[in-house]
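All chains should be built: construct the whole structure from the sequences, respecting the hints.
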Amino acid sequence: MRDVILLAAVVSLLLLVGGVGAADIGTAGMRNGTTVNILSGGQSYPAYITTPEDGGPSPAVVLLHSFNGLEPGYQVMADRLATEGFVVIAPEWQTYAQSPEDNVTEALVRDTVAYLGTRPEVNSSSIGLTGFCAGGRYTMLFLPQIEEFSAGVAWYGFPYSGGQANGTAPAEVIGNITDPMLIIHGTADEASPVTDIYRYATDLDAAGKYFELKVYQGEPHGFMIGEDGQLVESPVAESAYEEMATFFNRTLG
1 MRDVILLAAV
11 VSLLLLVGGV
21 GAADIGTAGM
31 RNGTTVNILS
41 GGQSYPAYIT
51 TPEDGGPSPA
61 VVLLHSFNGL
71 EPGYQVMADR
81 LATEGFVVIA
91 PEWQTYAQSP
101 EDNVTEALVR
111 DTVAYLGTRP
121 EVNSSSIGLT
131 GFCAGGRYTM
141 LFLPQIEEFS
151 AGVAWYGFPY
161 SGGQANGTAP
171 AEVIGNITDP
181 MLIIHGTADE
191 ASPVTDIYRY
201 ATDLDAAGKY
211 FELKVYQGEP
221 HGFMIGEDGQ
231 LVESPVAESA
241 YEEMATFFNR
251 TLG
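Numbering (the UniProt record's numbering), first residue to last: 1 to 253.
No lab work stands behind these hints, which were simulated from the structure alone.
The beta-carbon is built from N, C-alpha and C at its ideal position, and this holds for glycine as well.
The reader is advised that the hints may include incorrect statements.
As the list claims (entries may be wrong) - Listed next, the in silico SDA-like pairs over lysine to any residue satisfying Cα-Cα at most 20 Å (straight line):
no.: 1; residue 1: K209; residue 2: A165
no.: 2; residue 1: K214; residue 2: T187
no.: 3; residue 1: K214; residue 2: P180
no.: 4; residue 1: K214; residue 2: S125
no.: 5; residue 1: K209; residue 2: S150
What the hints assert, rightly or not - Pairwise CB distance ranges (calculated):
no.: 6; residue 1: T168; residue 2: G41; range: 26 to 36 Å
no.: 7; residue 1: G117; residue 2: R250; range: 31 to 41 Å
no.: 8; residue 1: G208; residue 2: E147; range: 16 to 26 Å
no.: 9; residue 1: Q164; residue 2: P72; range: 19 to 29 Å
no.: 10; residue 1: S239; residue 2: A107; range: 14 to 24 Å
no.: 11; residue 1: L213; residue 2: N166; range: 23 to 33 Å
no.: 12; residue 1: Y96; residue 2: A206; range: 18 to 28 Å
no.: 13; residue 1: D228; residue 2: E190; range: 37 to 47 Å
no.: 14; residue 1: Y210; residue 2: E172; range: 34 to 44 Å
no.: 15; residue 1: D205; residue 2: Q145; range: 16 to 26 Å
no.: 16; residue 1: E233; residue 2: T168; range: 32 to 42 Å
Now the structure itself:
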């Protein structure tokens, strides 16, 4: 009888371990992730790409990492979006320079979109853009200028900054916006004060541009990725992720 009880306990433990692995969305998606090379400006940039299991064609999202590089948390986020039906590609835009000129990054983003057009899993008429920190600024800047995009989600971006390379401030191209944008920010963001985001929202509204704004009280800059580079596990991070996923499902689905 004792042997039977021990066997049952072992089986239960194995089932529990298996259940945890299956519920880990990031790990589940990793089996689809791979690194490809995007040729742009005569140079080769690595890009992480992950796809849904059904083979598509599916809507796609170009994900632009923060100034801290393509940290593991962004790959987990991409994998999770793939489980929800999106092809996600994240080019490493800092491969050759920590602060590249805007036109260099824009060319890379355009070439990344062109690469997506070669993938049979992608519905090339339904592509979104999202970015974090510097990538949030790029989202605000490139969404109005790259016509292949249909929607964008800007995370704690810099609407009135020319960036590290002193380029164009995203607010200067508001008049070119034709696609819906979701802006996600925190009130405790010292790098990009929330007052600038409210000002940007006011400017968008005055220009008749459609946007949605989600502000989290007390959240600092970069609240989705922890100091260890991993995706933060918190109610706010989960809520913010769901805001993005829901927005893309509505605008790209």
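Here is how each hint holds up against the structure:
{"no.": "1", "hint": "K209 / A165", "in the structure": "violated (27 Å)"}
{"no.": "2", "hint": "K214 / T187", "in the structure": "holds (10 Å)"}
{"no.": "3", "hint": "K214 / P180", "in the structure": "holds (14 Å)"}
{"no.": "4", "hint": "K214 / S125", "in the structure": "violated (27 Å)"}
{"no.": "5", "hint": "K209 / S150", "in the structure": "holds (14 Å)"}
{"no.": "6", "hint": "T168 / G41: 26 to 36 Å", "in the structure": "violated (19 Å)"}
{"no.": "7", "hint": "G117 / R250: 31 to 41 Å", "in the structure": "violated (23 Å)"}
{"no.": "8", "hint": "G208 / E147: 16 to 26 Å", "in the structure": "holds (19 Å)"}
{"no.": "9", "hint": "Q164 / P72: 19 to 29 Å", "in the structure": "holds (23 Å)"}
{"no.": "10", "hint": "S239 / A107: 14 to 24 Å", "in the structure": "violated (35 Å)"}
{"no.": "11", "hint": "L213 / N166: 23 to 33 Å", "in the structure": "holds (27 Å)"}
{"no.": "12", "hint": "Y96 / A206: 18 to 28 Å", "in the structure": "violated (38 Å)"}
{"no.": "13", "hint": "D228 / E190: 37 to 47 Å", "in the structure": "violated (20 Å)"}
{"no.": "14", "hint": "Y210 / E172: 34 to 44 Å", "in the structure": "violated (19 Å)"}
{"no.": "15", "hint": "D205 / Q145: 16 to 26 Å", "in the structure": "holds (21 Å)"}
{"no.": "16", "hint": "E233 / T168: 32 to 42 Å", "in the structure": "holds (36 Å)"}
Against the hints set out earlier in the document, violations occur for numbers 1, 4, 6, 7, 10, 12, 13 and 14.
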